[in-house]
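Protein chains in written order, with the numbering used here: chain W, 16 to 114; chain B, 16 to 114.
Don't take every hint at face value.
Identical chains blur together in the list; that is why a pair holds if it fits in one copy or across any two.
Computed list of lysine-lysine pairs in DSSO-like fashion (alpha-carbon distance at most 27 angstroms, straight line) [unchecked claim]:
{"#": "1", "residue 1": "Lys69", "residue 2": "Lys113"}
{"#": "2", "residue 1": "Lys113", "residue 2": "Lys48"}
{"#": "3", "residue 1": "Lys48", "residue 2": "Lys81"}
{"#": "4", "residue 1": "Lys86", "residue 2": "Lys97"}
{"#": "5", "residue 1": "Lys69", "residue 2": "Lys81"}
{"#": "6", "residue 1": "Lys86", "residue 2": "Lys69"}
{"#": "7", "residue 1": "Lys69", "residue 2": "Lys48"}
{"#": "8", "residue 1": "Lys104", "residue 2": "Lys29"}
Keep in mind that the hints were calculated from the coordinates and are not lab data.
Protein chains: 2
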Amino acid sequence: MNNREREMTAEVLKAMAHPVRLGVIEILADGEKTCTELFEQLGCSQSMMSQQLKILCQQGLVSIRKEGTQKYCALRNPDFLKLFDCMSKHLRTFLHFKD
Amino acid sequence: MNNREREMTAEVLKAMAHPVRLGVIEILADGEKTCTELFEQLGCSQSMMSQQLKILCQQGLVSIRKEGTQKYCALRNPDFLKLFDCMSKHLRTFLHFKD
DNA sequence: TTATAACATTATAATTTTCTAATCTATCGG
DNA sequence: CCGATAGATTAGAAAATTATAATGTTATAA
Numbered sequence: 016m017n018n019r020e021r022e023m024t025a026e027v028l029k030a031m032a033h034p035v036r037l038g039v040i041e042i043l044a045d046g047e048k049t050c051t052e053l054f055e056q057l058g059c060s061q062s063m064m065s066q067q068l069k070i071l072c073q074q075g076l077v078s079i080r081k082e083g084t085q086k087y088c089a090l091r092n093p094d095f096l097k098l099f100d101c102m103s104k105h106l107r108t109f110l111h112f113k114d
Numbered sequence: 016m017n018n019r020e021r022e023m024t025a026e027v028l029k030a031m032a033h034p035v036r037l038g039v040i041e042i043l044a045d046g047e048k049t050c051t052e053l054f055e056q057l058g059c060s061q062s063m064m065s066q067q068l069k070i071l072c073q074q075g076l077v078s079i080r081k082e083g084t085q086k087y088c089a090l091r092n093p094d095f096l097k098l099f100d101c102m103s104k105h106l107r108t109f110l111h112f113k114d
């Protein structure tokens, strides 16, 4: 990786590095959801969700499809789901995470 | 993942989400290196490297072994290297990254 | 014992992120 | 057209990150 590539990679990682945004990715693993479903399930405000979804879209992690007055969000790159296993294992092994 | 786990995961991802820190992980894939080797190869200051290494250690990504006046850094969890392929592919596929 | 090489810490200014609250826009049903 | 629902945008304060510069610490070699 050259420096430019590392900078772009850092941007993508930053886009994931937030509890709400991780929650979105996790929920979307189950299939398309509307913005409202997402913020209700994650217990954050509508405004917060809208802002976080924008970040996820900008980094190509989520795509949005409009249907009437609603918008359906979907995972654009399911590869990133692998990351969750990796992280769970890491937390348990290296950071003494319990429960 | 519950919320606590998402918060901890976010911390680990943040620890990777920086060009210098990604560079460290990439270089360490090749084996142990001293701090000086790392900052020289990445072209950043010694102080910068020391601070970034601290972050990587705190999140369990890098371990440090002392030997005389030097310190040898190593990747603690080589699982994270998989991430680089995933990222390269993502950049090319979803973010139109060229070369 | 002193100079130096390797690394850590601290302080700080500049920039980014994060979160909340308020407002705006678009679409649909009636 | 009107009200309601779904979502976006904007503004701003607080907190976190980033980068640089200066200074501290420790171990070794001479």
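To see whether the hints hold, each was checked on the structure:
no.: 1; hint: Lys69 - Lys113; verdict: between (32 angstroms within a copy, 23 angstroms between copies)
no.: 2; hint: Lys113 - Lys48; verdict: neither (30 angstroms within a copy, 32 angstroms between copies)
no.: 3; hint: Lys48 - Lys81; verdict: within (11 angstroms within a copy, 50 angstroms between copies)
no.: 4; hint: Lys86 - Lys97; verdict: within (26 angstroms within a copy, 33 angstroms between copies)
no.: 5; hint: Lys69 - Lys81; verdict: within (14 angstroms within a copy, 44 angstroms between copies)
no.: 6; hint: Lys86 - Lys69; verdict: within (12 angstroms within a copy, 42 angstroms between copies)
no.: 7; hint: Lys69 - Lys48; verdict: within (15 angstroms within a copy, 39 angstroms between copies)
no.: 8; hint: Lys104 - Lys29; verdict: both (20 angstroms within a copy, 17 angstroms between copies)
Hint compliance for this structure: hint 2 is the single one not met.
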